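Residue numbers (this note's numbering), protein chains in the order written: chain Y, 1 to 499; chain W, 1 to 375.
If a hint is listed, it holds; no wrong ones were tucked in.
Not everything, but these chain W residues come out facing chain Y in the computed CB check (under 8 Å): (1) Ser134; (2) Lys160; (3) Gly164; (4) Thr193; (5) Ala212; (6) Pro284; (7) Gln359; (8) Leu371.
Don't read these hints as lab results, they were simulated from the structure. For clarity, every value in this text was computed on a predicted model and none was experimentally measured. Here a beta-carbon is modelled for each residue, glycine too, at the ideal position from N, C-alpha and C.
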Amino acid sequence: MNILYDERLDGALSKQDKTSVLEQLQKALPDMTLLHREEDLRPFECDGLAAYRILPMLVAMPHTLAQVETLLRICYELGVPVVTRGAGTGLSGGALPLEQGVLLVMSRFAKILDVDPDARIARVQPGVRNLAISEAAAPYGLYYAPDPSSQIACSIGGNVAENAGGVHCLKYGLTVHNVMRVEVVTIEGERMTLGSEAFDAPGFDLMALFTGSEGMLGVVTEITVKLLPKPESAKVLMASFDDVGKAGKAVGDIIAAGIIPGGLEMMDNLAIRAAEDFIHANYPVDAEAILLCELDGVEADVDDDCQTVRRVLEAAGATDIAQARDDAERAKFWAGRKNAFPAVGRMSPDYYCMDGTIPRRELPRVLKGIADLSEQYGLRVANVFHAGDGNMHPLILFDANREGELELAETVGGKILELCVEAGGSITGEHGVGREKINQMCAQFQPDELTTFHAVKAAFDSRRLLNPGKNIPTLQRCAEFGAMHVHNNELPHPELPRF
Amino acid sequence: MEHHEQDNYSAHAERSTSSAQDRDMSEALCERVRQANTDRTPLRIAGGDTKTFYGRPVEGEILSLAEHRGITHYDPVELVISVRTGTPLSELEATLNAEGQQLGCEPPHFGQAATVGGMIATGLSGPRRPWAGSVRDFMLGTRVINHEGKHLRFGGEVMKNVAGYDLSRLMVGAQGTLGVVTEVSLKVLPKPTETRSLRLEMTLDSALERLAEWGRQPLPLSAAAWHDGALHLRLEGGRSSVAATAERLGGEALDATFWSDLREQRLAFFSQEDARPLWRLSLPNHTPPLTIDGDTLYDWAGAQRWVRSDAGAQALRDATTRAGGHATCFTPQSLGGAAEPFTPLAPVVAKYHRQLKAQLDPNGIFNPGRLYPEF
Chain Y
1 MNILYDERLD
11 GALSKQDKTS
21 VLEQLQKALP
31 DMTLLHREED
41 LRPFECDGLA
51 AYRILPMLVA
61 MPHTLAQVET
71 LLRICYELGV
81 PVVTRGAGTG
91 LSGGALPLEQ
101 GVLLVMSRFA
111 KILDVDPDAR
121 IARVQPGVRN
131 LAISEAAAPY
141 GLYYAPDPSS
151 QIACSIGGNV
161 AENAGGVHCL
171 KYGLTVHNVM
181 RVEVVTIEGE
191 RMTLGSEAFD
201 APGFDLMALF
211 TGSEGMLGVV
221 TEITVKLLPK
231 PESAKVLMAS
241 FDDVGKAGKA
251 VGDIIAAGII
261 PGGLEMMDNL
271 AIRAAEDFIH
281 ANYPVDAEAI
291 LLCELDGVEA
301 DVDDDCQTVR
311 RVLEAAGATD
321 IAQARDDAER
331 AKFWAGRKNA
341 FPAVGRMSPD
351 YYCMDGTIPR
361 RELPRVLKGI
371 ADLSEQYGLR
381 VANVFHAGDG
391 NMHPLILFDA
401 NREGELELAE
411 TVGGKILELC
421 VEAGGSITGE
431 HGVGREKINQ
441 MCAQFQPDEL
451 TTFHAVKAAF
461 DSRRLLNPGK
471 NIPTLQRCAE
481 FGAMHVHNNE
491 LPHPELPRF
Chain W
1 MEHHEQDNYS
11 AHAERSTSSA
21 QDRDMSEALC
31 ERVRQANTDR
41 TPLRIAGGDT
51 KTFYGRPVEG
61 EILSLAEHRG
71 ITHYDPVELV
81 ISVRTGTPLS
91 ELEATLNAEG
101 QQLGCEPPHF
111 GQAATVGGMI
121 ATGLSGPRRP
131 WAGSVRDFML
141 GTRVINHEGK
151 HLRFGGEVMK
161 NVAGYDLSRL
171 MVGAQGTLGV
181 VTEVSLKVLP
191 KPTETRSLRL
201 EMTLDSALER
211 LAEWGRQPLP
221 LSAAAWHDGA
231 LHLRLEGGRS
241 SVAATAERLG
251 GEALDATFWS
261 DLREQRLAFF
271 SQEDARPLWR
281 LSLPNHTPPL
291 TIDGDTLYDW
301 AGAQRWVRSD
311 AGAQALRDAT
321 TRAGGHATCF
331 TPQSLGGAAE
341 PFTPLAPVVA
351 KYHRQLKAQL
361 DPNGIFNPGR
371 LYPEF
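Build the full structure now, drawing on both the sequences and the hints.
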């Protein structure tokens with residue numbers, strides 16, 4: 001299943017002469033870095049979804065707002081597609097270049113402009129790394145809550161584009177809950193401010209619409225984020241289970257007890273063994289599943305909650321419960337989880353990370369479905385799970401050097417996502433659709449809903465120049481791949497051409 | 001398509017609370033919208049009519065959602081409730097309360113007939129908003145009737161969902177101008193173990209100073225309003241932290257009804273006998289007192305200010321905009337309020353509002369002119 005841009009399915013793209021575009025941009029923007037030689041373009045050919053690579057026509061690296069405005073206006077006038085990219089850590093190919101497009105790299109917008117401890121906000125440029133915001137806020141006892149596992153490297157502009165999550169979302173929300181204002185440049189080169197430093201802004205909530213829009217509605221040039229006071233205390237419990245279903249039920253029991261943990265993570269046996277081999281976090285390698293439950297807040301409450309959770313875990317049949325004695329041990333417990341992906345990477349030449357979400361009650365059924373698929377296709381699957389918010393990360397192990405295994409892994413991945421949709425969930429919780437899950441969007445949404453998405457796109461970018469082909473599939477594409485979802489043997493949209 | 005077959009969530013609902021008035025009117029509503037779109041008849045979308053005063057008046061045929069009601073799915077352990085928008089807000093809150101849960105955004109009702117749809121359309125949140133989040137922050141999914149009378153679904157019942165554009169949150173506060181929201185799925189929260197309210201006599205300046213200081217600390221605050229020479233605080237959290245914080249902050253005990261009276265605008269400050277228009281100023285945290293003729297009540301630790309003033313829209317908006325916020329008039333024009341209740345949008349922002357409205361409601365049938373004259 002090739003996911004590269006296919007004009008037959010994804011719509012025609014204008015092709016402009018590279019030399020002519022380059023000359024016009026160089027003339028209008030003499031001070032802006034503009035890469036055009038193949039060897040200079042090579043480092044930008046992919047993002048975190050490295051299986052797919054395309055050399056962009058040009059790479060633009062502006063460092064001023066005026067350059068971004070001019071660049072976009074010229075591209076708009078010439079009809080050149082623009083793909084915006086931050087740190088390039090995205091896992092869904094959202095920043096995958098187009099061969100006839102400009103790749104707009106925002107990494108030189110890397111300044112923290114202001115940290116205001118009294119208003120509890122930070123104003124930052126989009127190329128600032130996620131973790132750097134919390135580091136800058138730390139002297140004031142504040143931090144920025146969303147912490148995707150790539151937080152050392154990923155940039156806040158990409159976080160906004162993908163509505164990034166992390167391990168603390170159930171309690172502290174996603175990016176959309178923690179961003180107050182964004183400065184945007186439209187494809188026509190206009191500046192616009194969405195949101196406010198106040199808690200709301202007049203008009204439509206375009207800030208919510210832009211968050212997670214994968215660079216398809218505008219280019220974010222500045223972001224104001226909310227800062228929170230650091231919890232006084234954080235404690236973590238690790239519970240072992242001899243059965244994955246029991247662990248899943250324990251998650252619900254904790255929440256039923258009226259507790260919203262700061263983090264609640266689950267790993268299955270394969271993931272536990274991988275992490276233990278790599279990190280030596282004292283994980284129980286014989287357990288079928290572990291739960292990591294972090295409780296944070298005011299010290300006295302955290303102690304009370306630890307007692308409650310311990311009782312709940314015992315009642316749910318945990319075979320062992322360990323509480324980290326100090327911050328060092330807490331960090332160690334988490335290190336295993338946070339390094340689960342690279343740990344699994346050591347077990348297999350390649351792995352493919354999925355990102356479906358499900359209602360928690362569906363966990364046993366979906367895990368069983370994944371195990372069946374694993375057996376049926378002969379590929380191992382390790383499960384890492386943001387259990388508190390129902391976000392699964394099955395890691396499908398394969399070897400790309402073996403003929404057909406990448407395709408097999410993608411097939412299994414696609415079927416896992418369809419399983420999530422069937423269970424009432426979503427194909428992506430935090431990684432975004434990008435190019436990777438473009439076909440699965442056809443399973444999640446009906447044609448009329450996709451048409452509405454295209455209408456939203458048209459309101460902001462009627463010429464389809466911003467990141468075309470990502471996030472929202474065309475109806476043609478769904479008619480082609482929708483064959484996976486033929487209902488009563490009737491093809492949807494018989495009027496559309498098929499390839 | 002496949003997910004249509006799962007519409008009936010109640011099949012596996014753990015707790016299905018049904019009442020005799022539950023009714024799915026969506027087919028009839030879709031038909032009305034189809035007809036209106038064909039005839040280009042503007043619709044005035046209504047629920048309990050408790051928040052009609054909020055916004056510009058709409059001329060149109062009434063499309064009532066009041067009978068489209070019922071909780072379609074509620075599983076407390078999932079922290080999600082799905083509810084038709086004609087459902088009374090009081091019914092929704094009673095259902096959550098029975099399971100020890102609540103709406104974190106603490107929405108105002110402004111009358112017994114208030115519906116879930118009115119809460120979504122206005123997006124108004126109560127005193128807990130700065131700490132817990134707004135209506136839109138708890139929005140997980142919607143069902144919406146589009147201009148062609150088609151019943152669409154965006155988002156869902158899961159906490160994290162980044163597939164497609166976030167049309168669910170876009171609907172919050174759009175006042176029905178982009179489509180008819182028929183059902184929503186909301187994140188809900190357990191009620192706090194302990195709640196305590198305090199009243200501390202102090203000047204405005206020292207209240208704002210302390211609130212900024214406390215804002216940087218992990219305190220179990222869930223409401224803070226300065227009014228009449230006193231700072232009113234609400235603490236919510238675990239037993240231990242609430243007790244320790246109450247002891248540390250001092251002051252006298254305050255009856256919790258203060259917060260519902262503030263939220264529902266029943267305090268004397270909001271009295272109809274005061275002929276001066278009521279304004280809501282939304283401002284960044286830690287904004288100093290503004291120089292405005294009139295009386296001010298400080299909610300949301302100073303970020304939401306209620307003002308009774310004859311100063312006029314221009315003066316209030318200039319002062320608020322300079323401070324990085326915006327001003328909304330809560331008194332309808334017919335009762336002496338401003339002609340434009342909402343702060344005008346910057347030109348580029350307005351252009352994209354118009355284009356979005358034109359895409360989603362090309363014939364202008366959904367609550368035309370509710371937010372701004374042009375859409």
